[in-house]
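> Residue strings, one per chain:
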Amino acid sequence: MKRIKFILFGFLLSLVVQSCGEKSTNNDDKLKSAPWEDIEAIAEGTTVNFMMWQGSTAINDYINNYVVPSVKGKYNINLQISGGQGPEIVQLVMGEKQADIEQGQVDMVWINGETFFQLRKVKGLWGPFVEQLPNASLINFEDSYISTDFQQPVNGMEAPWSINQFAIVYDFEKVPNPPKNIPELKNFIKEHPGTFTISNDFTGMTLLKSFMAELGGGPNVLDGAFDENKYKQLSQKLWKFINDNKQYFWKEGSTFPKEQSKMNQLYANGELLIAYGFNEGGIEDKVLTGLYPESTKGYAWSNGTIRNSNYLGILYNSPEKAGAMQVINFLLSPEAQLKKADAKGMDSNTVLAMDKLDTEWKDKFLDARKRQYGPTLKELEVNAIAEPAPEYMIRLYEDFRKNVIEN
Amino acid sequence: MRIKKLNIGILLFVLVGVVPFAAAFIYALLYSFGIIGVANDGFTLQFWESVITSGTFFKSFGYSFLIALVAVAISVGGALWITLKFRQQLETRFMSFIIYLPLAVPGIVTGFFTFQLFSKGGFFARISHKLGFITEASQFPDLVNDGLAIGIIFSFLTMITPFFVLLFLNVYKNERVEELSILAQSLGANANQISRRVFLPILLKKTWVLIVLYFIFLLGAYEVPLILGQESPQMLSVLIIQEIKQYDLDKISEGYVVAVLYTLIVSVAAILLFLPKRKRAYAT
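Chains as they are written, first to last, in our numbering: chain A, 1 to 407; chain B, 1001 to 1284.
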């Protein structure tokens, strides 16, 4: 009997000892100025954990069947993927901060504006590191859609991975003339009640931001730092528009789809006539996989839809920062970006500047971008709006719930 | 030796069952007062105040309570009726297999299944469309993500009714209700009197603890209302997760307030229900 007690005691003791014994390797700051060869040498043979959104088969296919074997073959890095986006990443970082964990579980993350804002708020990111990456020289940081993330300068704390624009999705056989502004939308939903909705997630709130800019009178109304008065004034107009018309929304506006994927299904099965989303509507792969009808098209709102970039960051307590830098550098290489741009694959726009590439690569990129169904980034360009400050999104989430859903 | 064995049993129970739960509760409690949390600045009552004044919690609690109550009432009633009427048929192999089957299906699958069957683009909507009852998807009635929680209640019923049927069948056998019924009959009771005076009291008295536990289980259900619920009001667990995972880091503590309140209410209710009556329940 005593033996069991000893075992239990020993087990507990070892737990305590282990949790105290974590030592940090504080050579990390040297990586910010070390020559790239040194970083490559440290990165060799490491295991890098990458936390990313795994909600798309095309993305998973790109990562698991191309990126993972490539970094293994080229740099002997074991890249391990775990699922998680925005809130999960922030929760993880907050939890690890709370527990003083110096060797985190995750090295690199796929994020954009909002998560960037939150991670910086809790000092969860490591950097700046982007200038150290050789392939960063192929990116045009003069482009404000790349160097500014939700009105926040990126300053080398996250590396751009791809750029895209929000687009509205419709079926041209069912809806020959889709609405292009708020008054047209009002008429449209009166004629076709129940065929439009706002998803209660990132995507829906992004649509609301572009609506708010339109109600404010122009594409650039929300530029600059968060403005409480402007927000109050414009959001009131927005809630009034939605509440006055929500009896024509899906389910008479009594509830809203929890997320974009649900809205996409509603569009696919014909309940909704209009859907929307980032990545120029994400139409190509959904038509190719048969979810959307071939008569699906995408367009931008006439007052503009949001264009933004998404980024790769390294966490403050990443155990393998050099490995993460090597993987990110590979993801920014023309080879990896070209593969990612394939319209039949992940179909995502490169962040590399065409004028900084060799002609050979340039031609390949132009060739890869040929979409059969969805609009291209170039086509939507004239109607692009920059992401407003992150506080707008945070407030919209809360107030959409208060003023519309619970109303 | 025997006492020592018991001690180790208790020690293990405390280690595995009580310590993690207590630790999580204390963590949530500290978080709810802003004492811990990377985005918090120290002790404050602000989160408690805003949760209690906003009323979302109480609405959500009432909503969850009603859904759980309706689901338990219908499934217990249904199971009693099935036991009373189809006892003999249920003893055949095939039927008992049919009854066991839903028990093996996880809640999340039941949720998806219900969605596939009853949504406006689902199985029944398609059949109605083919048969010409409806011409557009939107004409099909709201059965999932709806205000009356029909989809949620339906899923709960398919999940727990089989369990209650099996439970009642066992109690029926073990408590010799059959023999007691024959006895009552020979003393002159009619069928109605037998079910009201013999069948129901014995079955309910023997199983009420489990019925209440199932009610509490449904009160905290997560996957089914996540898939089939609407955005407001939401069932409690969905609300808690949504608050804890929200984008506004300054308000994450509100999720912990809801979690603490919910735990307190359920614990107090469980203590009130089970402690004083425990002796009596086993004495009968």
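Because the hints were derived from the structure by calculation, they are not lab data.
Some clues are possibly wrong.
FRET-style restraints, in silico, Cβ to Cβ [stated by the list, open to error]:
no., chain 1, residue 1, chain 2, residue 2, range
1, B, 1126, A, 57, 20 to 28 Å
2, A, 100, B, 1216, 47 to 55 Å
3, B, 1078, A, 190, 38 to 46 Å
4, B, 1094, A, 243, 31 to 39 Å
5, A, 243, B, 1089, 52 to 60 Å
6, B, 1050, A, 220, 31 to 39 Å
7, A, 36, B, 1217, 31 to 39 Å
Glycine included, every Cβ here is placed at the ideal spot set by N, Cα and C.
> Determine for every hint whether it applies to the structure shown.
Status of each hint after checking the structure:
1. Between residue 1126(B) and residue 57(A) the beta carbon distance is about 25 Å. The supplied range of 20 to 28 Å therefore holds.
2. Hint check: residue 100(A) to residue 1216(B), Cβ distance near 36 Å, so the stated range 47 to 55 Å is violated.
3. Separated by about 44 Å at the C-beta atoms, residue 1078(B) and residue 190(A) satisfy the suggested range of 38 to 46 Å.
4. Range check, residue 1094(B) to residue 243(A): Cβ separation about 55 Å, and the 31 to 39 Å hint is violated.
5. The hint said 52 to 60 Å for the Cβ distance between residue 243(A) and residue 1089(B), and at roughly 54 Å that hint holds.
6. Range check, residue 1050(B) to residue 220(A): about 35 Å between beta-carbon atoms, so the 31 to 39 Å window is met.
7. Roughly 57 Å separates the CB atoms of residue 36(A) and residue 1217(B), a value that falls outside the hinted 31 to 39 Å.
In this structure, the hints that do not hold are numbers 2, 4 and 7, in rising order.
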